[in-house]
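J.: Read off the chains here:
There are 2 protein chains.
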Amino acid sequence: LPIKDPEYLQRLTEAILEAAGASKDEAAIVADHLVTSNLYGVDSHGVIRIVEYLQLIEKGEMKLGSPPEVVRNFKATANLDGRSGIGQLAAKKAMEIAIEKASEYGTGTVTIFNSGHIGRLGAYPVLAAQRDMVGIFYVKGKGGDASPMGGRKALLGTSPMSYAIPVQDSPPIFSDFATTVSAEGKIRVMKSKGLPLPEGWVLDSKGKPSRDPDDFYKRGGSLALFGGHKGYALNLFLEGVAGALSGAGVLDEIPSANAAIAQAINIEFFTDLAKFKKNMKHLVDEIRSSLPAEGSSEVLLPGDIEYREMTKRKEKGIDIDDAAWQDIIDVAEKLHVMVE
Amino acid sequence: LPIKDPEYLQRLTEAILEAAGASKDEAAIVADHLVTSNLYGVDSHGVIRIVEYLQLIEKGEMKLGSPPEVVRNFKATANLDGRSGIGQLAAKKAMEIAIEKASEYGTGTVTIFNSGHIGRLGAYPVLAAQRDMVGIFYVKGKGGDASPMGGRKALLGTSPMSYAIPVQDSPPIFSDFATTVSAEGKIRVMKSKGLPLPEGWVLDSKGKPSRDPDDFYKRGGSLALFGGHKGYALNLFLEGVAGALSGAGVLDEIPSANAAIAQAINIEFFTDLAKFKKNMKHLVDEIRSSLPAEGSSEVLLPGDIEYREMTKRKEKGIDIDDAAWQDIIDVAEKLHVMVE
Numbered sequence: 009l010p011i012k013d014p015e016y017l018q019r020l021t022e023a024i025l026e027a028a029g030a031s032k033d034e035a036a037i038v039a040d041h042l043v044t045s046n047l048y049g050v051d052s053h054g055v056i057r058i059v060e061y062l063q064l065i066e067k068g069e070m071k072l073g074s075p076p077e078v079v080r081n082f083k084a085t086a087n088l089d090g091r092s093g094i095g096q097l098a099a100k101k102a103m104e105i106a107i108e109k110a111s112e113y114g115t116g117t118v119t120i121f122n123s124g125h126i127g128r129l130g131a132y133p134v135l136a137a138q139r140d141m142v143g144i145f146y147v148k149g150k151g152g153d154a155s156p157m158g159g160r161k162a163l164l165g166t167s168p169m170s171y172a173i174p175v176q177d178s179p180p181i182f183s184d185f186a187t188t189v190s191a192e193g194k195i196r197v198m199k200s201k202g203l204p205l206p207e208g209w210v211l212d213s214k215g216k217p218s219r220d221p222d223d224f225y226k227r228g229g230s231l232a233l234f235g236g237h238k239g240y241a242l243n244l245f246l247e248g249v250a251g252a253l254s255g256a257g258v259l260d261e262i263p264s265a266n267a268a269i270a271q272a273i274n275i276e277f278f279t280d281l282a283k284f285k286k287n288m289k290h291l292v293d294e295i296r297s298s299l300p301a302e303g304s305s306e307v308l309l310p311g312d313i314e315y316r317e318m319t320k321r322k323e324k325g326i327d328i329d330d331a332a333w334q335d336i337i338d339v340a341e342k343l344h345v346m347v348e
Numbered sequence: 009l010p011i012k013d014p015e016y017l018q019r020l021t022e023a024i025l026e027a028a029g030a031s032k033d034e035a036a037i038v039a040d041h042l043v044t045s046n047l048y049g050v051d052s053h054g055v056i057r058i059v060e061y062l063q064l065i066e067k068g069e070m071k072l073g074s075p076p077e078v079v080r081n082f083k084a085t086a087n088l089d090g091r092s093g094i095g096q097l098a099a100k101k102a103m104e105i106a107i108e109k110a111s112e113y114g115t116g117t118v119t120i121f122n123s124g125h126i127g128r129l130g131a132y133p134v135l136a137a138q139r140d141m142v143g144i145f146y147v148k149g150k151g152g153d154a155s156p157m158g159g160r161k162a163l164l165g166t167s168p169m170s171y172a173i174p175v176q177d178s179p180p181i182f183s184d185f186a187t188t189v190s191a192e193g194k195i196r197v198m199k200s201k202g203l204p205l206p207e208g209w210v211l212d213s214k215g216k217p218s219r220d221p222d223d224f225y226k227r228g229g230s231l232a233l234f235g236g237h238k239g240y241a242l243n244l245f246l247e248g249v250a251g252a253l254s255g256a257g258v259l260d261e262i263p264s265a266n267a268a269i270a271q272a273i274n275i276e277f278f279t280d281l282a283k284f285k286k287n288m289k290h291l292v293d294e295i296r297s298s299l300p301a302e303g304s305s306e307v308l309l310p311g312d313i314e315y316r317e318m319t320k321r322k323e324k325g326i327d328i329d330d331a332a333w334q335d336i337i338d339v340a341e342k343l344h345v346m347v348e
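Protein chains in written order, with this note's numbering: chain W, 9 to 348; chain F, 9 to 348.
Don't read these hints as lab results, they were simulated from the structure. As the structure is a prediction and not an experimental result, all values here were calculated from the model. C-beta: ideal position from N, C-alpha, C; glycine also. Don't take each hint at face value.
Now the stretches of chain W that chain F is said to cover, found in silico as 3 or more residues with beta-carbon under 8 Å [stated by the list, open to error]:
1) 57 to 70
2) 284 to 297
As a list, the in silico SDA-like pairs of lysine to any residue whose alpha-carbon atoms are at most 20 Å apart [stated by the list, open to error]:
3) Lys-201/F - Lys-100/F
4) Lys-320/F - Glu-15/F
5) Lys-216/W - Trp-333/F
6) Lys-283/W - Ser-178/W
7) Lys-214/W - Lys-283/F
8) Lys-289/W - Gln-176/W
9) Lys-83/W - Lys-201/F
10) Lys-216/F - Lys-289/W
11) Lys-283/F - Glu-261/W
12) Lys-32/F - Gln-138/F
13) Lys-67/W - Glu-104/W
14) Lys-214/F - Glu-306/W
Please model the complete structure; the sequences and the hints are all you need to start from.
T.: Given below as C-alpha cells:
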C-alpha cells in the first residue's frame, strides 16, 4: 500500500482536474471532497473516483464550467438545476442555500435535479451542523439496481440518506448510508477480489439470495434493500422527495445524474440552542459510557469510526491500494501531470 | 372473535370517553382514530387502547380538557406544548399547522412536546397527502426500551417514523414503522399467547439475541433496533429531531409522554404538481406490475395491506378478540355505558 500525504493528494487531484479543463475553484472543491472522504476512511468515495470522473467528463456526461443554477426560488425553498455539472458543487450550494433560508425562516429546503455524481453524502449535512443546525441530505440514486420487496426486477436505486446533528463540546453526530444492504461500490470491490458476498447483499434473477456478485452484474439479478419493509419504505420515500420532488423523475428516468434534497433546520426556532446541544451531549455520553454487549468491546455513535480514521490518517497519511494508485498515475500521465 | 360494525365501535368508544369526562370533540377524535386503526388492520392501536387511556386519565397522566397550545410560532415553524392532553389532538393540530404554513412557505415544520399517546402515526402524514403535499411525522418514543448497537442497556425508545406521498388516481403511498425490529405491542401479544419470539426481536441482559419476551420484560434485556447501524442511526435521528428539537429531551427524560415532529412539504413550490403525481403513479405501476420473487405471489407498495384490510373490514366488520372485547366491556360497565 502506498501511503500518501493528504496535502499531496489534494495538490495532485487538483492538478489532474485542472489539466482536464476544470477551473481552479472546481478542482479545489472536488479534490477537497475526495481527499476528505479518504481521510474519513470512505475510500470508495475518495481520490480513486477521479478516474471515473475523467471518463464522465470525456463523454460529456459531467460538464466542467457548468455551475448549478437556481430555477425556482421562494422564501424557505428552492429548486436547483445541476446543469450536468460537478455534483459536489450543486450539493454544496444546495446545502448553503438551505442554511441561509433556515437562518431566516427556521427551515430551508432545496431540491436538486440533473446533477453530476454528488460523492460522499456525509459531507453536506455537516455544513449545517457546523452552523448549529440539523442537516439532512437525501439522494435518489439512478434506477435499475435494487428490486422492490417481494420482487425480482432491478427497478430502484441504492438511494442513500444522511444527516448531522450538533452536539455540545463534540463534533456532530452524523450518518450516511445506502438503503440497499450494501452500497454497489463495496460489491464491486468484493468482485474484483474474487470473494463471495455476505448473505443478503444480492438477489439472483429469481429474487433469491445469492453470494455471487455476477448474479447482479451479469445475470439479471438485483441488490437487496436493507431492513425488510422498513428499508423498502425509506427507499420509496427517497424516490418521492428527491426524485419526483426535484422534478428529476423516478426509477430509471435519471440514468446517470443524481437527484437530491437538502434541508437545514434552525434549532433556535424550536427550542433553546444550548439546551438542545446539552441534550445531545447527554445522549452521546450515556450511550458511550453504557456497558457493551457481550462480545463487543465498546458502544459507538454514528460518525465515531470516521472521526477516528480521520485522526489517524491526518497523522499517518492515506493508504491507497496499488491497483487504485496505478489507475491514478495512468490518468495523471495521460494528462501530462507530474506524479512525485 | 366477535365481529363489530365500525360505526357501532365508534359510538361505543365515544360513549366510554364521554362517560370518563371527555368533551364531545375529544371523544369523537380519539374514537375515530382508534376505529380507523382497526379498519386498517392495526389492532394494536385500535379500540383496545381505550382501556390503557382510561387508566392514564385516572392517574392524571393524560389530561382531558387540556388542548395543545402553540408556544413558539414563526412563519414556517412552530413548537406545540401537548399539555399532557390527548395525543391525537396535539398530533392532528401539529400536522394541520404544518400544512397551513406549507401553503404559504413551501414547507411547514411543527414540533410537539409533552403530548399524550399519539396513537397510530400513519394517520397524520396522510392529512398532508390528502392536500397534495408530502407529509412526514416522526416520534421519539419514551426511553428505556432499546439498546444502542453493540450495547446492552435499554436506553433508547422504539421511536417510529411515518410518511405519506400523494399519487395520481390512487390513494397515497404511506408507511409507518418503529425503528426497533418489532414494536413493543407485538412482543406483548406474543408473550400473552405464550409464544417464543422470532429471532432478533429481543436481546437479553448481556446483549445477546433471545426468543424469550421475559428477557426484555423481567430480566433487564432490551429491544433490538432494526437494520444494524442504519436503524441505529435513524433511531438517534429521531432522538434529535423529535426529542431534543421539541424541547422534550432525550432518552428517558420523557417517561410517559410523546415528543414528535410533523412536516408538510408543498410540492408546487418545487415542481409541477401534476407531473409529480404522474411520476409517483409511474413508480407505483411499474412496481406493482413487476414480476414477484420466486415464492412471492405479488409485489406490494407500502400501505397496500392497510388499504385492503380497510376495504374488507368496512364491508365485513372488525374482528376483536374475546379477551380484548371483555376488557372493553369491563371499562364500559364500570362507567355505566350500555354495551349492545
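J.: Next step is simple, just say for each hint if it's right about the structure.
T.: Hint check:
Counting residues of the region 57 to 70 of chain W whose beta carbon lies closer than 8 Å to any beta carbon of chain F gives 0, which falls short of the minimum of three for the stated coverage. Three residues within the 8 Å Cβ limit are the bar, and the region 284 to 297 of chain W against chain F gives 7, so the coverage statement holds. Simply put, Lys-201/F and Lys-100/F have alpha-carbon atoms about 34 Å apart, too far for the 20 Å limit, and the pair is violated. Straight-line distance between C-alpha atoms of Lys-320/F and Glu-15/F comes to about 15 Å, which keeps the hinted pair within the 20 Å bound.
Distance check on the hinted pair: Lys-216/W and Trp-333/F sit about 42 Å apart at the alpha-carbon level, beyond 20 Å; violated. Of the pairs offered as hints, the one joining Lys-283/W and Ser-178/W holds, with about 14 Å between alpha carbons and a cut-off of 20 Å not exceeded. Restraint check for Lys-214/W and Lys-283/F: not satisfied, since their Cα atoms lie roughly 33 Å apart, outside the 20 Å limit. Using a Cα cut-off of 20 Å, the hinted pair Lys-289/W and Gln-176/W holds, with the two alpha carbons roughly 5 Å apart.
Distance restraint check for Lys-83/W and Lys-201/F: the Cα-Cα separation of roughly 55 Å exceeds the 20 Å cut-off, and the hinted pair is therefore not satisfied. A hinted pair counts as satisfied when its Cα atoms are at most 20 Å apart, and Lys-216/F with Lys-289/W does not qualify at roughly 27 Å. As the CA atoms of Lys-283/F and Glu-261/W are separated by approximately 13 Å, the hinted pair is consistent with the 20 Å bound. With a C-alpha separation of about 25 Å, the suggested pairing of Lys-32/F with Gln-138/F is violated against the 20 Å cut-off.
Of the pairs offered as hints, the one joining Lys-67/W and Glu-104/W is violated, with about 29 Å between alpha carbons and a cut-off of 20 Å exceeded. Straight-line distance between C-alpha atoms of Lys-214/F and Glu-306/W comes to about 13 Å, which keeps the hinted pair within the 20 Å bound.
Hint compliance for this structure: hints 1, 3, 5, 7, 9, 10, 12, 13 are not met, and every other hint is.
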